[in-house]
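In order, the protein sequence lines correspond to chains A and B.
Under our numbering, the first sequence has 847 at position 175, and the numbering climbs by one with no breaks.
Under our numbering, the second sequence has 119 at position 82, and the numbering climbs by one with no breaks.
None of these hints come from the bench; they were simulated from the model.
Mixed in with the good hints there might be a few duds.
Stated by the list, open to error - Heads up, simulated DSS-like pairs for lysine-lysine below, C-alpha to C-alpha not over 30 Å straight-line:
#1 A:K782 <-> A:K885
#2 B:K236 <-> A:K867
#3 A:K764 <-> A:K782
#4 B:K236 <-> B:K92
#5 A:K867 <-> A:K885
#6 A:K885 <-> B:K236
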Amino acid sequence: MVGAHLVLFWLSLVAYGAEAGLQLGGFRPASPLRSALFGGLLLHALFLGVRWVLSGHAPMAGLFESLTVFSFCTALSAVLLCGTAGTLSAWKPLSVLVALPQAGAALLDKRLTPLYPALDTPWFSTHVGFSFLGYGLFAAGLALSWTYLRHGGDEVYRAAGKSALYGFSAFSAGMVCGGIWAFYAWGSYWIWTPKEIWSVVLWVYYAALSHLKFLPPGAGWPGWGRRQEMWATAAGYFLMLATFLGVSLLLRSSHSF
Amino acid sequence: MIGAGWRFLTSLTTFAWVGLFFCVAGAAGSVVMGRYPELFSDMDARILLDWFARKGFADPGPTLWLYGLLLATALLALNAACCTVDRLVPIFRGNVTLHRVLPHVVHLAFLGVVLSHLAGAIYGDRIPGLAVPEGGFVPVGETGWVLELNRLDVVTAPEGYPRDFSAAVTLYRDVTPVARGVVRANEPLFHEGYGVYLKRFGPTPRGVPYAVFDANRDPGAVAILVCSILFTVANLLVLVTARGEDA
Numbered sequence: 673m674v675g676a677h678l679v680l681f682w683l684s685l686v687a688y689g690a691e692a693g694l695q696l697g698g699f700r701p702a703s704p705l706r707s708a709l710f711g712g713l714l715l716h717a718l719f720l721g722v723r724w725v726l727s728g729h730a731p732m733a734g735l736f737e738s739l740t741v742f743s744f745c746t747a748l749s750a751v752l753l754c755g756t757a758g759t760l761s762a763w764k765p766l767s768v769l770v771a772l773p774q775a776g777a778a779l780l781d782k783r784l785t786p787l788y789p790a791l792d793t794p795w796f797s798t799h800v801g802f803s804f805l806g807y808g809l810f811a812a813g814l815a816l817s818w819t820y821l822r823h824g825g826d827e828v829y830r831a832a833g834k835s836a837l838y839g840f841s842a843f844s845a846g847m848v849c850g851g852i853w854a855f856y857a858w859g860s861y862w863i864w865t866p867k868e869i870w871s872v873v874l875w876v877y878y879a880a881l882s883h884l885k886f887l888p889p890g891a892g893w894p895g896w897g898r899r900q901e902m903w904a905t906a907a908g909y910f911l912m913l914a915t916f917l918g919v920s921l922l923l924r925s926s927h928s929f
Numbered sequence: 038m039i040g041a042g043w044r045f046l047t048s049l050t051t052f053a054w055v056g057l058f059f060c061v062a063g064a065a066g067s068v069v070m071g072r073y074p075e076l077f078s079d080m081d082a083r084i085l086l087d088w089f090a091r092k093g094f095a096d097p098g099p100t101l102w103l104y105g106l107l108l109a110t111a112l113l114a115l116n117a118a119c120c121t122v123d124r125l126v127p128i129f130r131g132n133v134t135l136h137r138v139l140p141h142v143v144h145l146a147f148l149g150v151v152l153s154h155l156a157g158a159i160y161g162d163r164i165p166g167l168a169v170p171e172g173g174f175v176p177v178g179e180t181g182w183v184l185e186l187n188r189l190d191v192v193t194a195p196e197g198y199p200r201d202f203s204a205a206v207t208l209y210r211d212v213t214p215v216a217r218g219v220v221r222a223n224e225p226l227f228h229e230g231y232g233v234y235l236k237r238f239g240p241t242p243r244g245v246p247y248a249v250f251d252a253n254r255d256p257g258a259v260a261i262l263v264c265s266i267l268f269t270v271a272n273l274l275v276l277v278t279a280r281g282e283d284a
């Protein structure tokens, strides 16, 4: 059973890869619910559920589980935000953004690992879960803003705005859960490590982005408009990647892999 | 002049520029911190005011980002407060709806979190590195308490990693026990505003188990918790009340 559950992981990767291949080849599903990506999402959910039962903890510890949960949350965001006919064009970049972290996870050690006692708390799954949901929504924001910049469309623009706002809200909830956990673990809601600093940087970035929507075009920031907002939404994805992977892999912090 | 200052403080553009400045200062700081461990490695061992008094003015170059970050945080908080004052007055004079008020509840909660952190950074207390062998005693900073480690329990998995660990401790004032409990990961012992946290453990060279504790007090802790929850709830309600409208 321990090894068999990985079959679900590989099947979901195949489904995500098929979706990306079909999209890049110019084939689009008739509806999101009849896509390979949706099938992959169901298999992926099953995989994560089985792994949770087998390991006895939320499958969000270590680089393999982090990448696969990131991929899952990106796929979930695709279904949540891009389920209408007007936003289906964003599925092409989204399918790639879903498949890439899952493919990256496929290269890593997938063994079940025990949970260090400090991580054995409900705050672990809520903190990491909400944070990754935010990351997934930010990834959907990149796909949607990219689509808007290439093809335009009011519906795509609105969905991109939602990705930033919903992502900000989910990420905020993740930070609150992380702060409460830190207080019980260390006696402080905040510690000075690169990961914490970058998390707040990402939070402030999306807070600013969510507010700039209300800036009248040309007022204060000449030239600011929908296209600039979409560029900023796309840039947020790379800031998120720097926070998620860059800091955790390159800088010494409480969240290092 | 006053009008221009008020427009500056309530402006979205100000928020955007200060937010951008915050991002740059934070990104720079995350790199600089690693390059100057002699300056920054003990930032969490003390409250920020104490750390600033000892090292904040020692070397202006490597600490410049921190000044920038704190200045930007202050401006962001001021901007949120002024924006809310500026907008709430017309809202309450006109059509008061949850959808119009909620963003300002989010602002106020954010302001509460920042001010509570400030209180903790000034009036808090951190006593790190209370090392004590099993059966031994250690004074807890200047609190007048003495901490006794009654028993250290470590459950080791066959693979060799600690599966669970806990420390039974007693706090004394003079010779009178004032608090007793079991401390483990994520489960500190709280007493009179202080939390006693188990940081690490091991055997002494003589083979006696020992544990190292931190004792921290954060007077802003409850307010931060309340404001954080208020922020989250108000933020989610903003999304709910905005359904059907543009994000």
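Compare the structure with the hints numbered earlier in the document and write down the numbers of the violated ones, lowest to highest.
-> Result: hints 1, 6 break, sorted rising.
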